[in-house]
Amino acid sequence: MTALSLKDLDISYGDTQITHKVSLDIAEGESFALVGESGSGKSTVLKAIAGLASQWTGEILVLGKPRSHGVDRDFSRVCQMVFQDPYGSLHPRKTVDATLGEALTIHGIGDRSTRVEEVMASVGLDRKFRFRFPHQLSGGQRQRVAIARALMLKPKILLLDEPTSALDVSVQAEILNLLKRLRREQNLTFLLVTHNLPVVSFLCDRLAVMRQGRIIEVASVDELKHGDLREPYSRELMQISAAHAT
Amino acid sequence: MATLRDWLIDDSPASPMQARLGRLYRILGALMHNPLAVVGAIIIVALILAALFAPWLATHDPLRQALAERLLPPSAAHWMGTDELGRDIWSRVVYGARITLVIVALVAVLAAPAGLIIGVVSGYCGGWVDRVLMGITDIFLSLPKLILALAFVAALGPGIENAIIAIAITSWPGYARVARAETLTFKNSEFIAAVRLLGASSLRVNLGHVLPLCTSSMIIRVTLDMAGIILTAAGLGFIGLGAQPPLPEWGAMISRGRSFILDQWWVATMPGFAIILVSLGFCFLGDGLRDVLDPKSGEQR
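Respectively, the protein sequence lines represent chains A and B.
Residue numbers 1 to 246, in my numbering, belong to the letters of the first sequence in order.
Residue numbers 247 to 547, in my numbering, belong to the letters of the second sequence in order.
Calculated from the structure, these hints are not laboratory results.
Because the structure is a prediction, the values reported are computed rather than measured.
Honestly, I wouldn't trust all of these hints.
To be verified - Derived CB-CB ranges, DEER-like: (1) A:S23 x B:R377: 36 to 46 Å; (2) B:D252 x A:E236: 50 to 60 Å; (3) A:E28 x B:S447: 21 to 31 Å; (4) B:R272 x A:M1: 29 to 39 Å; (5) B:L250 x A:L63: 46 to 56 Å; (6) B:R272 x A:H226: 47 to 57 Å; (7) A:K128 x B:F519: 45 to 55 Å; (8) B:R377 x A:E28: 40 to 50 Å.
The beta-carbon is built from N, C-alpha and C at its ideal position, and this holds for glycine as well.
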């Protein structure tokens, strides 16, 4: 079954059209990456799926059901998002407990204490962090809290907007391992936006290359690893990425 | 004492209460390192104590007239001298603290929440709601505060309650502006987007997440404005539109002393000192709070 299906998605901000006829199918349990340079519209696709960019035409199907343009409560139980910057995505005046518990309050779910501790344990956060404020946490710990918040409602699909690019290299590896483990344990579907190709080959099954608001190529990770990408632009991206890594 | 401190600065609080108290303790600690803020806080605490314990601090009945003792200079019996009706000025200044405190507190309670809510609604909704609300705010802002307050008091009739209402009506627009600006900066931040993605309603986003972020700049702004509020209240009292005689309001007292300012300087000067001192206290405290509470610099410590 397809977890996410986009058909001819045109997203605009005001009068500027950002994406052109984006179509994708992502299977349940799959980990899919959208790659491309800055401004290619990959984050915008993610925002439209999440409901944060409401100006689009086309079709977005989530687990077979069409998605409305805004944010709604039923959708939030199915699909959640992790943002790029762990420093900007946590409320500065709320403790970890309040940030995580908010989801339960909104959806009227009881058993708060147990569920918060459960999720914290699953993302590898010690109990002692539960009542700390974000400024008392490191970048990696903050991103763990942000991931934990996205998992509070036990969603099926996780949208990841460059989840490691704001972190130190050593912390990046920790977060990537965590994401890989969580996907295995909870059978999550990932849609990851990144410009970091090593991250793609570590975490994903398939990838789509975006350029100027269009998907120019969909390939499997094996093709990426063997350098078998068809489009010249995709190969160029690979070379730049490889040059960067060494 | 040491254990209490350890509990407060514990890195891993065990309850939300401990986390909040710990934060409060850190803010207070930072405030204590600012000498001017401490001076301001002492002055404000002294004002509150004077208002609370006025009957015990006053040496005389502030309203009792003794024509035989009129216009006496400061002495052991009358620490600040007496006015033209023989009333003890020290006692009147002490009782005046009550009136000042009531004015300041009521204006803060009326104007700050009103401005906060209007500003947050305006900033979050945007569009025509924003234009209408900010249009009204701009109209109020474009009129001089004291003149507007004068007009309101003239319409409502002189008296301390009407003075409070008039000052509150003239001071909310500033708060609305601050709250709107703060809301605009937080509205598009990722942590607000994250809460919306969890399915939170606009009401919950605003009340639970945007509003708490605006409160610290609001507290700073209100504290700094207190001096202005006191001066406006005293100004209204001075021209006879604020507190009515025989209430010992500081502005009205200065106004009475104006006739004797050259020969009996203490009649106008003593309540003047009180106004300056309390205004300075609020300014110092406000500056200190700004250093501590400013979300851009304070929270990092």
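Which numbered hints turn out to be false for this structure? Violated hint: only 4; rest satisfied.
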